[in-house]
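Given these sequences and hints, build the entire structure.
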Amino acid sequence: MAKYNITVKKEKEANYRSLVSPKLMDEMKEKILNIIVMQKKYKDKDYSAKKLAEDLGTNTRYVSAVVNVRFHMNYASFINKYRIEEAMSILVDKRYQDLRMEEVSDMVGFANRQSFYASFYKLMNMTPREYRLQHLQQHPSQAVRKSKKKTTDKE
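Residue numbers for the sequence shown follow the numbering used here, so the first one is 76 and each next one is one higher.
Some hints could be false.
[Claimed, not checked] Here are the computed lysine-lysine pairs in the PhoX-like style, where the Cα-Cα straight-line distance is at most 25 Å:
hint: 1; residue 1: K125; residue 2: K104
hint: 2; residue 1: K120; residue 2: K106
hint: 3; residue 1: K125; residue 2: K106
hint: 4; residue 1: K169; residue 2: K106
hint: 5; residue 1: K156; residue 2: K118
hint: 6; residue 1: K104; residue 2: K156
hint: 7; residue 1: K126; residue 2: K156
hint: 8; residue 1: K169; residue 2: K156
hint: 9; residue 1: K115; residue 2: K156
hint: 10; residue 1: K104; residue 2: K118
hint: 11; residue 1: K116; residue 2: K106
hint: 12; residue 1: K118; residue 2: K169
hint: 13; residue 1: K116; residue 2: K156
hint: 14; residue 1: K104; residue 2: K116
hint: 15; residue 1: K104; residue 2: K126
hint: 16; residue 1: K98; residue 2: K126
hint: 17; residue 1: K115; residue 2: K104
hint: 18; residue 1: K125; residue 2: K98
hint: 19; residue 1: K156; residue 2: K120
hint: 20; residue 1: K197; residue 2: K156
hint: 21; residue 1: K197; residue 2: K116
hint: 22; residue 1: K197; residue 2: K118
hint: 23; residue 1: K156; residue 2: K125
hint: 24; residue 1: K116; residue 2: K126
Read the hints as simulated data drawn from the structure, not as lab findings.
See below:
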């Protein structure tokens, strides 16, 4: 007998996923994208799968099934993906260079800095701060520096 009794986890198909027809899944996918992306509901900290289901006139199992099958991730990962993409834009935008990470996190819809960092790292394999610094090193012309070159103002 194995020392730790480790068993291989079998990938099982959730039964409710097959309850939604492919045609209905495609329709719901478009509606979900419209609400989450076009209406930018991902920025709303309180916008849950339950609220999305209510807006779609369905239940959370159907929403979960569509997100899992059509986007290959769970609802939280789906929402966080759009939050991180927006955060990446903000982090490299010179207009927002003075923002703290907490402020960026809040702007894109995260409840706290820790969940922002964890989600960012999971998706990008680096922290938001590392991402910002790396981008500034690659594109130094976009950096807005406050102090170092004050002498050039006199020229």
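Where does the structure disagree with the numbered hints, that is, which hint numbers, in rising order?
-> 4
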